[in-house]
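Listed here are the chains, written in short residue letters.
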Amino acid sequence: MNIENIKSQFPIFSKKINGKPLVYLDSSNSAQKPLSVINRLNDFYKNEFSNIGRSIHSLSVNATNKYDETRMSVKNFINANSKDEIIFTKNATESINLVASTFGQKYIEKGDEILITDLEHHSNYVPWHYLRENKGAVIKFAPINDEGDIIINEFEKLITTKTKIIAITHLSNVTGTIVPVKEIIDIAHKKKIPVLVDGCQSAPHIKIDVKDLDCDFYAISCHKVYGPTGIGILYAKQKWLEKLPPYIGGGGMISEVKKNAISYAPLPEKYEAGTMPTAEVVAFNESIKFMQSIGIENLVNHEQELTNYALEKLKKINSVSIIGDPKNKASVISFTIKGVHPHDIATILDEDGVAIRAGHHCCQILHQRLNLTATARASFGIYNTKEDIDILCKAVENCRKIFDLK
Amino acid sequence: MDLKELYQDIILEHGKSPRNFGKCEGHNHEAKGHNPLCGDQVHVYLKISKNQKVEELTFEGSGCAISIASTSLMTELVKGKSLDTATRIINEFLNMIKSGSEIKTKDLNEDQKTKIMSLSGVKQYPMRVKCATLSWHTLVSAMNGKKKEVNTESLD
Numbered sequence: 000m001n002i003e004n005i006k007s008q009f010p011i012f013s014k015k016i017n018g019k020p021l022v023y024l025d026s027s028n029s030a031q032k033p034l035s036v037i038n039r040l041n042d043f044y045k046n047e048f049s050n051i052g053r054s055i056h057s058l059s060v061n062a063t064n065k066y067d068e069t070r071m072s073v074k075n076f077i078n079a080n081s082k083d084e085i086i087f088t089k090n091a092t093e094s095i096n097l098v099a100s101t102f103g104q105k106y107i108e109k110g111d112e113i114l115i116t117d118l119e120h121h122s123n124y125v126p127w128h129y130l131r132e133n134k135g136a137v138i139k140f141a142p143i144n145d146e147g148d149i150i151i152n153e154f155e156k157l158i159t160t161k162t163k164i165i166a167i168t169h170l171s172n173v174t175g176t177i178v179p180v181k182e183i184i185d186i187a188h189k190k191k192i193p194v195l196v197d198g199c200q201s202a203p204h205i206k207i208d209v210k211d212l213d214c215d216f217y218a219i220s221c222h223k224v225y226g227p228t229g230i231g232i233l234y235a236k237q238k239w240l241e242k243l244p245p246y247i248g249g250g251g252m253i254s255e256v257k258k259n260a261i262s263y264a265p266l267p268e269k270y271e272a273g274t275m276p277t278a279e280v281v282a283f284n285e286s287i288k289f290m291q292s293i294g295i296e297n298l299v300n301h302e303q304e305l306t307n308y309a310l311e312k313l314k315k316i317n318s319v320s321i322i323g324d325p326k327n328k329a330s331v332i333s334f335t336i337k338g339v340h341p342h343d344i345a346t347i348l349d350e351d352g353v354a355i356r357a358g359h360h361c362c363q364i365l366h367q368r369l370n371l372t373a374t375a376r377a378s379f380g381i382y383n384t385k386e387d388i389d390i391l392c393k394a395v396e397n398c399r400k401i402f403d404l405k
Numbered sequence: 000m001d002l003k004e005l006y007q008d009i010i011l012e013h014g015k016s017p018r019n020f021g022k023c024e025g026h027n028h029e030a031k032g033h034n035p036l037c038g039d040q041v042h043v044y045l046k047i048s049k050n051q052k053v054e055e056l057t058f059e060g061s062g063c064a065i066s067i068a069s070t071s072l073m074t075e076l077v078k079g080k081s082l083d084t085a086t087r088i089i090n091e092f093l094n095m096i097k098s099g100s101e102i103k104t105k106d107l108n109e110d111q112k113t114k115i116m117s118l119s120g121v122k123q124y125p126m127r128v129k130c131a132t133l134s135w136h137t138l139v140s141a142m143n144g145k146k147k148e149v150n151t152e153s154l155d
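Line order of the protein sequences matches chains Y and P.
Position one of the first sequence corresponds to residue 0 (numbering that gives the first Met the number 0), numbered consecutively onward.
Position one of the second sequence corresponds to residue 0 (numbering that gives the first Met the number 0), numbered consecutively onward.
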């Protein structure tokens, strides 16, 4: 696999940042886009644009077909049973909100429990908090150890007869922990509890097989998977999508509308009200093709090698601490430098063209657990190279120099 | 942009060893400030005398080098001034950070002007402006006796 060749497919890397070549280490936040995706967006608007599913004319038929092709590709990409189990949303956040809201409406009563973990991103906590506020639900947090791994037997102890749903991340956006979700889903299903997996970070970095995981819900943000912004995916087992009420009401999601009664469209349209981001969905097909052209296995191997290389090099730098040391880790390294605040690190690194993120990364619960207010985070994509890591480490050394650290 | 302009020695030094850190005795005004984007916290304690003078000014909090240095320098420059003078200094500082205007006030001597101007490099870094201004807004809030926490995301 030739990374330079892959990198050359991303136009942004021909840009200079502060006069330096861009070293983009913020892919956990959002990934850069290959030219094929950018071109497809442009091309669709130029030559093929029409709204979908509403008109008889040729442009609309073509657009509808292209939109459905992406749904089919997503179905194959995550190994779902049917394309009716793939719902397009705004992002993973909306996917989780959709489940929390509709599941909550139907199945959550006062005192019912929702089990999440200390690792969760705010987007897999706040939607459940609404049910705490509005329905009197109880949210329980499964603890992690200092390495950043979920303590499975503690997790099991928190499941009670009142637990109605479990929501867990597949890959932590701070520690990089790959959570053993299959094991957790097994435990939950033995007690007949459905599981939502927040796959925001995992989708671009590890192989996703929802059939093998047997998860009930899986949430993805397309912009992290080399796709356009503005679209996300909710995978849900068909039985749930049939049982749960619709989320957003409007055009496109109805079957028949009368003054005294409304019936809803079949799946997947039931959950796709109003005009959807058509061009973005169509272009996302190119993101999947891009991932497939590399091969998930090659992608995983490359990113694992980068992560190990970066860990090894960063650990050698005095005053650098790596956050967490989970059993299985992918593509995300959060760190601190003793005596330098993460925001100062980010500013100093930016001067060298190195883009990282600094702050709590939408994980205040996790930062409280680790007694940290903020961390610096370097995260990788398929386009990163060992040379990028070398530049990162040099820039980290520069922080130490500026702050006169011994 | 030049990092040396942002991270001048005086800023690094105040960031590392802030002055007037802690809770001052007999404070009669206080206010908290918070930057939810990065988690920076500041708590300003103020003792205003009967003749409307800032007798004591201290702070507690955590944050980046820019925010700690800015707060430390603020306590040095405002302590001992009348409330009117303090307000003028604060306004000049905020204008310098926002629009790059010069410090003209006669309320500060040359040495003090050099100190306050050491923070002028921040205006080149839009994402860091709030780091430098949080404590100054919090001081205004304390002087005005406001109860609500200052939040960088609700400031103009």
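Any given hint might turn out to be false.
Result set (DSSO-like, lysine-lysine): computed pairs, CA atoms no more than 27 Å apart in a straight line [to be verified]:
| # | chain 1 | residue 1 | chain 2 | residue 2 |
| --- | --- | --- | --- | --- |
| 1 | P | Lys-22 | Y | Lys-400 |
| 2 | P | Lys-147 | Y | Lys-393 |
| 3 | P | Lys-49 | Y | Lys-15 |
| 4 | Y | Lys-400 | Y | Lys-15 |
| 5 | P | Lys-147 | P | Lys-49 |
| 6 | P | Lys-3 | Y | Lys-19 |
| 7 | Y | Lys-189 | Y | Lys-236 |
Since the hints were made in silico from the structure, they are not lab data.
For clarity, every value in this text was computed on a predicted model and none was experimentally measured.
Against the structure, the hints come out as follows:
no.	hint	in the structure
1	Lys-22/P with Lys-400/Y	violated (33 Å)
2	Lys-147/P with Lys-393/Y	violated (43 Å)
3	Lys-49/P with Lys-15/Y	violated (58 Å)
4	Lys-400/Y with Lys-15/Y	holds (24 Å)
5	Lys-147/P with Lys-49/P	holds (24 Å)
6	Lys-3/P with Lys-19/Y	holds (17 Å)
7	Lys-189/Y with Lys-236/Y	holds (17 Å)
Hint compliance for this structure: hints 1, 2, 3 are not met, and every other hint is.
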